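Chemist: Each chain, written out:
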Amino acid sequence: MSKSIDLQQEGIEVKKSCCYFCHQNCGVLAYVKDGKVLAIEGDPSYPTNEGGLCCRGNIALKHLDHPARVNYPLKRVGKRGEGKWEQIPWDQAMDEIAAKLAAIRDEFGAEAVATAGGTSRTDDWARRRFMNMFGSPNCFHNSHLCWIPTFMVETAIYGWCPFDLDLGASRCLVLWGQNPGASSMPEMHHIRELQTKGLKVIVIDPRFTETAAKADLWLPLRPGSDLALALAWVNVIIHEGLYDAEFVTEYCEGFGELADHVEQFTPEWAAPLTWLTPEQIRESAYMYATSKPGNIQWGVAIDQLGKSAGAAMHARALLRALTGNLDCPGSDLLTGPSQDSITDEEMEANDMLPEAQKAKQIGADRFKLITWPGYGRIAELAKKHWGKAPTAEWMCEAHPPSVFNAIITGEPYQIKALLVSATNPVNSYGQSKMTLEALRKVDFMVTCEYWMTPTAALSDYVLPIAGALERPTITNSYGCADFLLCSQRAIQPMYERRNDYNFWRDLGMRMGQEEMWPWETVEDAYHYRIEPLGYGAESYDEFVDLYRFHFPEREYFKYKRIGFGTPSGKVELYSSTLKDLGYPPLPEYAGPVENELDDPELAKEYPLVLTTGNGFMPFHHSEHFQIKELRFLRHEPRVEINPATAAELGIADEDWVWIETRRGRIKQKAALTQGVAPRVIVTERGWWFPERSMAEPELGGCLESNTNVLTSVDDEHCDPFSGTWANRGLLCKVYKVNGADAKEGK
Amino acid sequence: MARYAMVFDIRRCIGCHSCTVACRTKNELPMDMIYNPVTTVGPTGVYPNLSMVHLPLICMHCDNPPCVDACPTGASQRRDDGIVFVEDKKCVGCLACVMACPYGARVKNHESGAVQKCDFCKDRVDEGKLPYCVLTCHQKARVFGDLDDETSEVYKLVNGERTVRLLAELGTEPYAFYIYG
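Quick mapping for you: the protein sequence lines, in order, are chains A and B. No gaps in the numbering here: position 117 of the first sequence is 117 in UniProt numbering, and each next residue is one more. No gaps in the numbering here: position 6 of the second sequence is 6 in UniProt numbering, and each next residue is one more.
Worth flagging that the hints you see were computed from the coordinates, not collected in a lab. Predicted model only: the values in this text are computed from it and were never measured. There's no promise every hint is true.
Claimed, not checked - Lysine to aspartate or glutamate pairs mimicking EDC-like chemistry, simulated, CA-CA at most 16 Å apart:
id, chain 1, residue 1, chain 2, residue 2
1, A, Lys628, B, Asp32
2, A, Lys100, A, Asp460
3, B, Lys129, A, Glu50
4, A, Lys84, A, Glu698
5, B, Lys140, A, Glu346
Stated by the list, open to error - Reference listing, derived: stretches of chain B covered by chain A, where coverage requires no fewer than 3 residues with Cβ under 8 Å from a Cβ of chain A:
id, segment
6, 15-21
7, 24-36
8, 45-56
9, 138-145
A virtual CB, placed ideally from N, CA and C, is assigned to each residue, including glycine.
With the rest of the complex left out, here is chain A (with noise of 0.2 Å):
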């Protein structure tokens, strides 16, 4: 009994919609009357998903209207974390939420006031065009684990990141940590494709993954030890004669550095760090090099492995210039930012912010790749290459985790407020003990959210935000790629939601920036992004109607033309840019956060490998845990472990089980598996429990099996690089939870 809704009847328009729920921004038709929706479904002919959605693209009606929302601005009553809340108006909140931050600027500096952003749910060149013209640098994203220090490491090497890949015309294609078959499902269905004519596909991943199921040779690595192996690789590509000369000879600077530094990393040497073969390092360095035109694409493990991430980032990036995969047909496009249309980094006002305060942005003094000192350097020289900058809302970063160590202790100053959009900070970042002191203790903390999360549950303020039906948006990989894929609002947000770009320009409005925000809606910023594109429409609704897209035309071998953005305009094999920053020009080695080689008495209390943080369906981050119609599939957190592991800790499939670091401890159900190495531990990450209290000491179970608890935010941890902490290759115990409600502390 098929419950279809008559979508012929009179008075239905089609909105050319997108889903929010993961980067993808799959396009959506959705069908709507008297505004509001009926019906949505995949749009067939958007040019990705082609009419695909995946289960949580499924249920955006339910998360449109669910009763869990929050659908009014809140104010606090009772003490903080007590769960007493006052509805009041829109304008009393941005009215009182600006007199406060007006006073901390007064009192402590506009540095006093941080920003934390979320996911791919937000108009992030807003937050950073009011914040730039408030004073403060100290805006952050989890963009650390996330892209965007492969983003600078690549851009600092050959003068932007390739992330386009020209998959159509390769013949081969590594999957570096990365599961496109759990989190780009419409990228998943081009490889799929592809594979049917010949492409080969490498799959490089401690778990045997849903993708790695289907590849043609599947590397299963020690979790953290990617360095290891990319350097095998380069000493395999040059040393065994499998580089591209002739781009090599013409297009690289430092060829002769780099021969001789990796020429102690041979496949033997990294066998034993890798846990693989050395036969099985050199099949796979081979088939990548010989089956040309290639690919790597990014995967975000590498992003996530700490100490020796940026050395890995920079690793990885040497394979594709050495084997001359950059810019030619079928292999990794280095498209430049777009030409054709107003970038985010042009929407941002960066050059408001004064010098004096870039100065002060927390972490610039140590981690400097994607802080003002790198990111002031490397957009220098996009702009002189290309003309424009990458976007600095995401590559030019406050340090989170010193952040919320700067909240904690005052140091090097005091941070007294937190304005939080859509994120939950303390179920995903680093430490989350840590992180949730620092949300206990910030003076001042306002969330713009969907949902009453732990994180908003301890807010002096909570705002109603639009989901994707609601709002209009623009895919375009961060302000980072030159084209554009446009949906539009299906709807005027329910309730008294708003987008979070009103929510910055309101505040903007209130603290003297009226003449900088000139677009009353987001569809008229959109509007004045679009209009140098030369389509001629009136409105930029008008232009999703029409156009939607906007692809430019493909420039294969554009380094003939105009070089690479580098100082020396060739591709830095023996990176200047990463010198003049302090940071070894070519790629040295760094064994895991925590191994056993170098930590060899942490390893006999934890003897296990940890790795974290891997995305699983039905869930995005620490979202969707309160939609049932998702939660059914996965309705606790599960974690990994080789029967054979568990058979010697006396463990049996199902039972709830502690995993303990040096950090803290979290309680998962065992799922035992041949999918993972019996050394290796894999943990599910984002988990909370939205059906628990979300008043203290509760906080929705935020750090019972929230598997950040056991990750690592220390200094000596981090990428000196970039500052991205450890989620991967750590050392941990596993054994049995006596009694499936204990509870650790709070």
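Could you slot chain B onto chain A? The hints should help.
Modeler: The following block gives chain B in isolation, referenced to the frame of chain A:
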């Protein structure tokens, strides 16, 4: 007359459960009902020599459907185009069809009292659209169409690839076909 069939390409399915969630959401099913579960088999083998497959299931829309024969009230029916469906107003919830179905494809709705199952989204099909599980499948692991139409994708797959039917030995002649690889 059309003869509707669905082909499942097991080589493409990644076990993401989009079809399961889409179907339940579109059909507004209670939480204890699923028309189209996906079972993951594996990883099988011993690390690191492994394989894993995902097996989507639905009502097989048999040519010789035992559920229709078993139904005492005529609620379970087979259309001329092969779609097997339940007319819920006629269903008394006796479960005879549930017991007759060898594929476990039928479930009683405890809210309405009627037995329900996948009907290939017949209302969508009648409008010329794809069943929702097919549209929503990112991997194109499901192909739906008219097996009597020689130009259709299902015709080409069923006649060009090695397909199998589940429990073929029972003689129910299911119109769901599986490609294993």
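Chemist: All hints, please: hold or fail.
Modeler: Evaluated hints:
no. : hint                   : result
1   : A/Lys628 with B/Asp32  : holds, 11 Å
2   : A/Lys100 with A/Asp460 : holds, 11 Å
3   : B/Lys129 with A/Glu50  : holds, 14 Å
4   : A/Lys84 with A/Glu698  : holds, 15 Å
5   : B/Lys140 with A/Glu346 : violated, 39 Å
6   : 15-21                  : holds (count 6)
7   : 24-36                  : holds (count 6)
8   : 45-56                  : holds (count 8)
9   : 138-145                : holds (count 3)
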